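Novice: Sequence:
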Amino acid sequence: MGNVHVTGPGKWVRSTVGSFVANLPEMLGAMAVDRRCLVAIAEFDDGRYVQFWLDPDGQVVSEVISNRNIGEAVALSSDDEHMLRAAGWLEPYDTSPNWQFRSHDVTGLMKAVAMVASAVYDVLGEEPRNVVSLQTWAVRHGPASTTDQERQESRVFYQDELRSLERRVEGWS
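So the sequence shown is numbered by the working numbering: it starts at 7 and just counts up by one.
The set of hints was computed from the structure by calculation and includes no laboratory data. Don't take every hint at face value.
[Unchecked claim] What follows is a list of derived Cβ distance ranges for each label pair:
1. V19 - P62: 17 to 27 Å
2. V12 - A92: 13 to 23 Å
3. H88 - V12: 30 to 40 Å
4. H11 - G64: 30 to 40 Å
5. A120 - D85: 26 to 36 Å
6. V39 - S84: 22 to 32 Å
7. D100 - A28: 16 to 26 Å
8. T13 - R41: 10 to 20 Å
9. R135 - G64: 16 to 26 Å
10. G94 - E32: 16 to 26 Å
11. S83 - E133: 17 to 27 Å
Note that the coordinates shown come from a computational prediction; the quantities given were computed from them, not determined experimentally. C-beta atoms are modelled at their ideal positions from N, C-alpha and C, and glycine is treated no differently.
Model the full structure from these sequences, guided by the hints.
Specialist: See below:
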């Protein structure tokens, strides 16, 4: 297992959902041993996403989009949220607006893989042949920045991207 290939922020590569899910164990395992603080986002054609963070302490954080940080759009139904809750995802809260699961060890990483696969197929309704766009980048901490500050800045960037996508879909341009 080597280092994670970094595309850079805003630089997407496209794949199939089936390939993404099949390669998820390798990606999360590589993230866990990579010394850089990494972010990976997998966005589906409808604008919904799953994302992953590697904290400086080696903890891998997996997230599924919620309805909290996407403006007026609705990403998940009540049934979707129930399925995430039942699967063990932590509900969104003030400093973490997405559904979240934290992996501390190999067992946690394998559980994260299963939880993400279920979220992608069962909750988000993706099919293996569907297209997914992926981007990865290393977070460069400033001397006084924290991981939470870095996450928040990335989320703001991503919220703007979702709003832009929503406007294009609705014809606002």
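Novice: Hint by hint, say whether it matches the structure.
Specialist: Each hint, compared with the structure:
The supplied range of 17 to 27 Å is met by V19 and P62, whose beta-carbon atoms lie about 26 Å from each other. Checked against the hint of 13 to 23 Å, the C-beta distance between V12 and A92 comes to roughly 34 Å, which is inconsistent with it. At roughly 36 Å, the beta carbons of H88 and V12 sit within the given window of 30 to 40 Å. Roughly 19 Å separates the CB atoms of H11 and G64, a value that falls outside the hinted 30 to 40 Å.
With their beta carbons about 20 Å apart, A120 and D85 fall outside the hinted range of 26 to 36 Å. The beta-carbon spacing between V39 and S84, approximately 38 Å, falls outside the hinted interval of 22 to 32 Å. Between D100 and A28 the beta carbon distance is about 35 Å. The supplied range of 16 to 26 Å is therefore violated. For the pair T13 and R41, the supplied restraint of 10 to 20 Å holds, since their beta-carbon distance comes to about 18 Å.
Between R135 and G64 the beta carbon distance is about 34 Å. The supplied range of 16 to 26 Å is therefore violated. Remark: the range hint 16 to 26 Å for G94 to E32 is upheld by a beta-carbon distance near 22 Å. Between S83 and E133, the C-beta spacing of about 18 Å keeps the proposed range 17 to 27 Å intact.
Taken one by one, the earlier hints fail for this structure at numbers 2, 4, 5, 6, 7, 9, listed in ascending order.
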